[in-house]
Amino acid sequence: MRLPFIGLATFVIGFVAAHFIVLNALPDYIMSKARERMTGSGIAVHAWQMSPRVTPETQTIVRPSPDLAYAICIIDVSGGPVSLTVPTWPEYGSLSIFDASTDNVYAGSLDARLPDAPGVRRIVVALEGQAVEPAEGVDVVVLAKPEALALIRRLAPSQGLYDAAAALVPVSTCGPA
Amino acid sequence: MKIGSALVGLFLGALLGFGSALAAAGIVGPGARFSGAVDVSGWASDWTIGSKAANPWTRARVARHGLLALTKEEAVYFTRNTDDAGDRLREGCDYRIKGEAMPAQWWSITLYNSESYLPDNTDNALSFDLTDAASAGGPASWLFDVSANPSASGSGWVSSRAGGNFDLTLRLYKPDADFIADPERVLQAPSIEKLGCGEAN
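Those protein sequence lines, which keep their order, are chains A and B.
Mapping the first sequence onto this note's numbering, position 49 (from 1) lands on 49, and the numbers just tick up by one.
Just remember that this note's numbering sits 177 ahead of the position in the second sequence, which is counted from 1.
Hints were generated in silico from the structure; no laboratory data involved.
A quick note: this is a predicted structure, and the numbers were derived from the prediction, not measured.
Check before you lean on any hint, since a few could be wrong.
Unchecked claim - Mimicking BS3-like on lysine-lysine, the simulated pairs with C-alpha atoms at most 25 Å apart in a straight line are:
(1) A/K33 / B/K371
(2) B/K229 / A/K145
(3) B/K351 / B/K229
(4) B/K371 / B/K275
(5) B/K275 / B/K351
Same shape as in the complex, but just chain A (with noise of 0.2 Å):
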């Protein structure tokens, strides 16, 4: 072969293989950097933590939304199942999570205006493998890799409506089943 397509040849494979190596990583290594600057800032593991009202000095991560009150919950599965608890809320919230690679594999309404609004949303998080026992009213997240995070959303453009989703973090639950 000519030198001049060996060097071709090389660049192409090269080029290809740098690219989606890249791509592919980067949406786990964003979520681990977030996760570790979550930690770093105090937030345990398997605890609801009230996010601070949105504002311009508080923002953590990209694209906070200022109307709304957020609460998360850094889960970690490798050691068993996790169960969520959370109230439901008279405007607009959802109760979400987000696997390892940054996909939203739950998400869950909390608004209490819908016909079918639970009162309590619960839900299990479990490993690919692991056994959850299937109970009335809860819904079971499965997990390719052991870590995620819950996120709480509640429509709260206020100062008040702001306390008042953060009374509601100390009657939620996130650990172990």
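Fit chain B to the known structure of chain A by using the hints.
Just chain B, lined up with the frame of chain A:
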């Protein structure tokens, strides 16, 4: 000689592949869209955001610019960085945003700088939402201004102070099913009219 040529090609290809991946993800620059794109009058979205169906470019870009984004069944996100004339949105100009009823349970429009963060100001005017629209006359026909100084018109105001070259993100929570099925037909996308620019700009 052949081995040397192969190694040089491999190194240069890997270098370019590394850089192009960072660019596509928006680590450097705005990022790239290759599929799943939804565009309604300049408001861009991607219905695969947050889902495993997203291609690797979308996944990487969302991880960088929209971490913890929800799937379309729960929320959709539209972003726009140009006005109706096609000019880049920037802090030195004033804009009027007009819209109609949105096909969702709740919506908001928030201003972010080019780094995808809220602008570093203390104006307490970061977004305009359904609550604001309802209190300002009704969610079926609403308007607000975007400018670095408070709106003199008496309408709603979102501050672009310290925003530099910014964009607006329209969030639609619990979107209607017919809107998800046919966004270009259902969504009456908000207009962005440039009112004027400062002399220094």
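Hint check:
no., hint, in the structure
1, A/K33 / B/K371, "violated (39 Å)"
2, B/K229 / A/K145, "holds (14 Å)"
3, B/K351 / B/K229, "holds (19 Å)"
4, B/K371 / B/K275, "holds (11 Å)"
5, B/K275 / B/K351, "holds (22 Å)"
The structure is inconsistent with hint 1 alone, although it conforms to all the rest.
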